[in-house]
Amino acid sequence: MADDELNTEDRKPAGPKPLGGELILPISGLLFTIYYFTTIIDVPWTAQVSAFFVGSILIALIIALIIRTSLRVKRGEATLGVAPLFAPKEYIPKRLALLGLTLAYIFFIEWGGFTITTFFFLLFAMLLLSNGKKKGLIFGLSLALSIGGYLLFILAFNTRFPLGPVETLLKDVF
Amino acid sequence: MEIDWGLFGELFVRTFSFWWVILPAILLGLIVGAIPGFSAANTIIILLPMTLAMEPEIGLIFMVALYASSRMGAGIPAILVNIPGTAGAAATPLDGYPMTKQGRAQQALAISFVASVFGGLLTTLIALVAMPWLSQVAYHLHSVEMIVIMLFGISLIATIAAKDTLKGLIAGFFGLMIGYIGADVVYETPRGTFGFLELYDKVPLIPALVGLFAVSEAFAVIEGESILTKRGMAAMQKAGWKETWEGVTLAISRWWHIIWTSIIGLIIGIVPGAGAAIASFVAYQQSKTFSKTPELYGTGHLDGLVAPESANNGVTSGTLIPLLVIGVPGGATAAIMAVVLQYHGVTVGPDLFENQPELAFGAFTAMAVTYAIMILTVLPLARYMSRITVVSTVYMAPIIISFTLVGSFVPRAYVFDMYLALAFGVIGYVARKTGYHVAAILIGVILGPLLENYFLRALRISEGDILVIFSSGLGNILWVLLIVSLFVPMYLDKRRTRQREQAVPTTTDC
Numbered sequence: 001m002a003d004d005e006l007n008t009e010d011r012k013p014a015g016p017k018p019l020g021g022e023l024i025l026p027i028s029g030l031l032f033t034i035y036y037f038t039t040i041i042d043v044p045w046t047a048q049v050s051a052f053f054v055g056s057i058l059i060a061l062i063i064a065l066i067i068r069t070s071l072r073v074k075r076g077e078a079t080l081g082v083a084p085l086f087a088p089k090e091y092i093p094k095r096l097a098l099l100g101l102t103l104a105y106i107f108f109i110e111w112g113g114f115t116i117t118t119f120f121f122l123l124f125a126m127l128l129l130s131n132g133k134k135k136g137l138i139f140g141l142s143l144a145l146s147i148g149g150y151l152l153f154i155l156a157f158n159t160r161f162p163l164g165p166v167e168t169l170l171k172d173v174f
Numbered sequence: 001m002e003i004d005w006g007l008f009g010e011l012f013v014r015t016f017s018f019w020w021v022i023l024p025a026i027l028l029g030l031i032v033g034a035i036p037g038f039s040a041a042n043t044i045i046i047l048l049p050m051t052l053a054m055e056p057e058i059g060l061i062f063m064v065a066l067y068a069s070s071r072m073g074a075g076i077p078a079i080l081v082n083i084p085g086t087a088g089a090a091a092t093p094l095d096g097y098p099m100t101k102q103g104r105a106q107q108a109l110a111i112s113f114v115a116s117v118f119g120g121l122l123t124t125l126i127a128l129v130a131m132p133w134l135s136q137v138a139y140h141l142h143s144v145e146m147i148v149i150m151l152f153g154i155s156l157i158a159t160i161a162a163k164d165t166l167k168g169l170i171a172g173f174f175g176l177m178i179g180y181i182g183a184d185v186v187y188e189t190p191r192g193t194f195g196f197l198e199l200y201d202k203v204p205l206i207p208a209l210v211g212l213f214a215v216s217e218a219f220a221v222i223e224g225e226s227i228l229t230k231r232g233m234a235a236m237q238k239a240g241w242k243e244t245w246e247g248v249t250l251a252i253s254r255w256w257h258i259i260w261t262s263i264i265g266l267i268i269g270i271v272p273g274a275g276a277a278i279a280s281f282v283a284y285q286q287s288k289t290f291s292k293t294p295e296l297y298g299t300g301h302l303d304g305l306v307a308p309e310s311a312n313n314g315v316t317s318g319t320l321i322p323l324l325v326i327g328v329p330g331g332a333t334a335a336i337m338a339v340v341l342q343y344h345g346v347t348v349g350p351d352l353f354e355n356q357p358e359l360a361f362g363a364f365t366a367m368a369v370t371y372a373i374m375i376l377t378v379l380p381l382a383r384y385m386s387r388i389t390v391v392s393t394v395y396m397a398p399i400i401i402s403f404t405l406v407g408s409f410v411p412r413a414y415v416f417d418m419y420l421a422l423a424f425g426v427i428g429y430v431a432r433k434t435g436y437h438v439a440a441i442l443i444g445v446i447l448g449p450l451l452e453n454y455f456l457r458a459l460r461i462s463e464g465d466i467l468v469i470f471s472s473g474l475g476n477i478l479w480v481l482l483i484v485s486l487f488v489p490m491y492l493d494k495r496r497t498r499q500r501e502q503a504v505p506t507t508t509d510c
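Protein chains in written order, with the working numbering: chain A, 1 to 174; chain B, 1 to 510.
Since the hints were derived computationally from the structure, they do not count as laboratory data.
Bear in mind the structure is a predicted one, so any value in this text is a computation, not a measurement.
It is possible that part of the hints are untrue.
For lysine-lysine, the following DSBU-like pairs were computed, each having C-alpha atoms within a straight-line distance of at most 30 Å [said to hold, decoys possible]:
#1 74/A x 133/A
#2 238/B x 17/A
#3 89/A x 17/A
#4 494/B x 238/B
#5 89/A x 230/B
#6 133/A x 238/B
#7 135/A x 230/B
#8 74/A x 494/B
#9 134/A x 171/A
#10 89/A x 74/A
#11 134/A x 494/B
#12 94/A x 134/A
#13 242/B x 230/B
#14 230/B x 94/A
#15 133/A x 94/A
#16 135/A x 94/A
#17 133/A x 89/A
#18 230/B x 133/A
#19 17/A x 74/A
#20 94/A x 17/A
#21 134/A x 230/B
#22 17/A x 242/B
Work out the full structure, taking the sequences as your base and the hints as a guide.
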């Protein structure tokens, strides 16, 4: 999907290309590498060599990209805009809401366990993405998937899934 | 170790009589292989009480069948929803997923199944006959040679992200730095952990895989009604049995490609610790390097799907060779097999071929029989499996997020790993949106700890002399090959561009 979108970007009328988003990962990599170096200062040099070798190459590559981008901006071929990262704009609220739901899912699964937390996550996330349509289908699907997941992974395969009150209660039953 | 053809024949017939063990193992393997976080190794551990209760021969057949089928299973979600079931299938979506988006999921699955089965079958038979010689490979590879092999892996990054080599290299080296997080194996000093105890034991691979591929994909696909393009949706709705058959014939027509890429997998599989992920990317790179249409790789190129699938199945038989011949497991699953066999009083190593040849060679005949049965059982399913791609993203995205995040919890039972997967998801999303390849980051995360370990060992042996990396004859040959493999694609690219430029005026003249 992202590929399609990049193609869509390519088809847009010619003009300066927003390249600011392309610098997010390299700058994060640069900051992380510097932080990493500070954590290996006191270790024997045999343990430093490999990280300095890889980290130095990464820093050199990032500098090369920054120079390349700067030159393109200077020539008027590109800007430091970050539009492609958030395009299409109408999906920003949905994406942020889905991210919030995912964070809540991880937070509550430790206490609620797999079955009930997954049911609520699927229910709310599907309702969010469907704009509140097909409520009955979504409720049934969420219920079936969470119970199916419990039966297959926890009961049949005895997999290490997060356990909560539902799983504890059902353990006594089965 | 002599070759006894009569024994091989007897073993094949005998192994076929255990179809009732192989068939359920295949189905189980396909399921666990397809779910990120569930590996053959984990499943064998979960089923340990059952395998320990079986006769050693039956237990071994069950484990081998599960192992081989899980390898194939990992490619199914990689093709259908861009989520590799294991790191070994991380190169599969590069061309498999674009085929799915074009509505050719059924064809892609059939190609993957045929390439996996024939690649796996061929390398198993080669391993069976050439085991005494192949086992010597592992003896010649020490830390120095392994450093060069790891750097070979890193050089693949540039090839994978061929549209922009600089960005590809940045993604790969960023991944390597992430792979360096954790305590080092010699001095046990925590590095780059941000104070998280959960990262002292390195960055776990499953959350990285889940985040980079699954979570980021789920957040990206919500922009459309389906993962398919409009044309792809139309093609999917018309699809029948014909597409499966076309996939089979297309894969068979690439028989030579299957042979040589699966042999790459076999050789890499013999090296303990190298694994299917490296093998599949090496095969992908080599396939692209020698292709007449390298510019089409990443857009649904058939050879780009055949190469990683046949290579990662070639690894399966390769990892058993060091286990059975020298007693060194080639991977996690092989290590667990060794534990089960030792429980039954079977000691793996050279003596096994003298004392219990039916077990030693039986592991390979079981694998060959598994592949033979697997093609018959899995191929008809391609049509039905491919239907998953027409499911609306309204349902697909939340299902992917919840089940893969829980999958990242499974290996260590840390909720922290779910947060980690989400963090990788954000990295993956930014990477997708800004033209960095998530596979390049993942290769870095996989190779980082391996590269560091070999560096540490080599430097400790040489008492800190960095020139040790040029001290081995074989290592130096590998250095030369590495440089050649970096520059040959560039040269071939330039030559093709020149030829195209020369061809344009000629066409205009006509």
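Quick rundown of the hints versus the structure:
| no. | hint | in the structure |
| --- | --- | --- |
| 1 | 74/A x 133/A | violated, 49 Å |
| 2 | 238/B x 17/A | violated, 39 Å |
| 3 | 89/A x 17/A | holds, 17 Å |
| 4 | 494/B x 238/B | violated, 41 Å |
| 5 | 89/A x 230/B | holds, 21 Å |
| 6 | 133/A x 238/B | holds, 28 Å |
| 7 | 135/A x 230/B | holds, 26 Å |
| 8 | 74/A x 494/B | holds, 29 Å |
| 9 | 134/A x 171/A | violated, 33 Å |
| 10 | 89/A x 74/A | holds, 27 Å |
| 11 | 134/A x 494/B | violated, 55 Å |
| 12 | 94/A x 134/A | holds, 18 Å |
| 13 | 242/B x 230/B | holds, 21 Å |
| 14 | 230/B x 94/A | holds, 23 Å |
| 15 | 133/A x 94/A | holds, 15 Å |
| 16 | 135/A x 94/A | holds, 18 Å |
| 17 | 133/A x 89/A | holds, 22 Å |
| 18 | 230/B x 133/A | holds, 23 Å |
| 19 | 17/A x 74/A | holds, 12 Å |
| 20 | 94/A x 17/A | holds, 26 Å |
| 21 | 134/A x 230/B | holds, 23 Å |
| 22 | 17/A x 242/B | violated, 44 Å |
In summary, the numbered hints that this structure violates are 1, 2, 4, 9, 11, 22.
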